Amino acid sequence: MLGNYIENVRKNVPLVHNITNYVTVNDVANVLLACGGSPIMSDEPEDVEDITSICGGLNINIGTLNRRSIEGMYRAGHRACELGHVVLLDPVGAGASALRTNTAAGLMKELRLTAIRGNISEIRTLAFGSGTTRGVDADVADAVTEATLDEAVRFARDFAAKAGAIIAITGAIDLVADAERCYVIRNGRPEMGGITGTGCQLSGMMTAFLVANPKAHLDAAAAAVCAMGLAGEIGWDRMQEGDGNSAYRGRIIDAIYNMDGAVLDAGAKYEIR
Amino acid sequence: MLGNYIENVRKNVPLVHNITNYVTVNDVANVLLACGGSPIMSDEPEDVEDITSICGGLNINIGTLNRRSIEGMYRAGHRACELGHVVLLDPVGAGASALRTNTAAGLMKELRLTAIRGNISEIRTLAFGSGTTRGVDADVADAVTEATLDEAVRFARDFAAKAGAIIAITGAIDLVADAERCYVIRNGRPEMGGITGTGCQLSGMMTAFLVANPKAHLDAAAAAVCAMGLAGEIGWDRMQEGDGNSAYRGRIIDAIYNMDGAVLDAGAKYEIR
Amino acid sequence: MLGNYIENVRKNVPLVHNITNYVTVNDVANVLLACGGSPIMSDEPEDVEDITSICGGLNINIGTLNRRSIEGMYRAGHRACELGHVVLLDPVGAGASALRTNTAAGLMKELRLTAIRGNISEIRTLAFGSGTTRGVDADVADAVTEATLDEAVRFARDFAAKAGAIIAITGAIDLVADAERCYVIRNGRPEMGGITGTGCQLSGMMTAFLVANPKAHLDAAAAAVCAMGLAGEIGWDRMQEGDGNSAYRGRIIDAIYNMDGAVLDAGAKYEIR
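Chains A, B and C supply the protein sequences, listed in that same order.
Counting in the numbering used here, the first sequence tops out at residue 273, every number present.
Counting in the numbering used here, the second sequence tops out at residue 273, every number present.
Counting in the numbering used here, the third sequence tops out at residue 273, every number present.
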């Protein structure tokens, strides 16, 4: 049961270093607090090594990358790897620009990543390069649907094996895979796409779940995905007349704040393939 | 009727590249989603040309400009112009510092802007230079009121003709002008000034309206202004005991989220001069 | 009575220049508007001198410092000092990295600070250096509790004398001291720690209170601390079933928005030692 993994976050209060975009950074900080973690943000190359040293995990999000913060990502990443910390990469916009694609690929190459979380397009870019699909594996479709699920699961597991990292592909159906197992998760609501940053929030929260559950990384990553999707469901149920995406944003974070292991266990919808 | 222009945003889902300040960036992203657009943020000079190429419009806001992001504004702006994209300038704080005044003036000179949106003080600075009023045109008053409306309308149209761009001056009364016509808009509430970023949000949203309505730029820009003001009215009506500017901020974005063409048509308050 | 000091903010509408982190900057801007002030953000070295010149106070927060913004802090700080403006330092994370510790110490040395606001760990770092406790004064405990209150009050007054600035130490019990008097404040709720940025917000608001009350800096700083804590209490009372830290964040800013002198006088809980 996945409920245990959020309980461990609340028990251990993992400190997470975030190098993240300035669009959604406040929500990332608040969702980390909501799930029981503790956030620190720092992207200056001269600052990041000290900061990451006192944390348990590093969440690298390239959403508004710049030359300075990219250097910060590498320096923080190398130090975090030396210390055996959890390192998660959120390759926001990989495939949309050369700088993003190359930065994500470079970080993947140089760092021992614990997990990579993105949408199918971003993950495909990392797997096949340059955003264009090439070769046999390129058969994986542009969206994970019931019709393409088998090939997507195979792709996720294969890429996890190749990358040596947990691969989390989020969308209408979420996949969380290592080389052997793949969680197929059906929590969440389409209206979550009407809010900026639910993916960024999930990456921050997943980092906390990984830090707090060192012996069960795959299950903990899946628990974070279920928690985020379930919060989207609970938050939606609390929507009132006249509410929109701004209210929904707050209600999702609030649902995480109030979620305990029992709620997560009762609401998580997943199978393992 | 202006309702059609928001419907076109929802239909076309225009992708808008924002180089915007880090104070209000999250609200800009969420209001773009709320009105039916799709936001991307990027300000790194090495990243912006790729990003703007996949978008339909560029929203340049100088609210927390720095040397790096200014270079990003020029590079993105030039590429967007080459591609015939919509380019909007929000000259936040023009007149308050030399760097802001010069950056806004430089962007105006080098780029073919589709629209410029600011308060009367910022627009006057662009029109007359250096924030000080000079010459005959300088008779335009410091605020657009019923008493100064005629001269303000003339000023807006004249400056639109000179700048070759739509000029949107927002305040108690809003003006949206090209060389020939000027919308005079009386939507909105004074309490909107108690929230940071309603102007920035409007600039983002206006960019989406312009992209989605290529054959009616002036009307689309006016529709965006009416939509924002009307959302301020609808949001205020939903305020509850104990609510303040934070709740109001959310309620305005929510009102945009729930606004369709019929609501906008029914609530838009404007005349054309 | 402290109520007068918030009334003066609403009357004078002090313009506050903030060089602050990008995590909580939107909340800082909105809380400044909520209390009656007016916020401007700028961190570019070429921009800050002009901007700070038109303001009444400068709020320096090192939460996401970088090489460029550090230069901005010094340049803005020097100009603000020349002009006799209020300058407040929020040494976020001092003690957690060498860059933060050294930047906070350097700003303290070079600038004539009006006030320093941080948690006990950050303030200890500034008082004793490097985050490690040294010498006799180092007996001050790691948290301000009823048991350690006497020594903490003595520490705050001594450090205020040495620093030549008001020292505000916030936590379960808040201390606001100059060399002679120390306010001991018992407003607030522990759940405020579950929101990112209540400290940053307080620093912004305190700067506005200091600017608007030039003849009573200590009392005005204490009033800001009471106002923030009281808003935390009022906001909590308005929490509804299912609300969490996101809703709480908004309710606190809303409580500031609705707070007048009479509410602050009735709710402020403090003694002077």
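Rather than coming from a laboratory, the hints here were simulated on the basis of the structure.
Since this is a predicted model, take the numbers as computed values, not measurements.
Warning: the hint list may mix true and false statements.
Repeated chains share a single entry, so a pair holds when one copy, or any two copies, can fit it.
As the list claims (entries may be wrong) - Derived DMTMM-like pairs (lysine to aspartate or glutamate); straight-line CA-CA distance at most 25 Å: (1) 109 to 50; (2) 109 to 46; (3) 109 to 271.
Q | Hint check against the structure, violated hint numbers in rising order | A | 3
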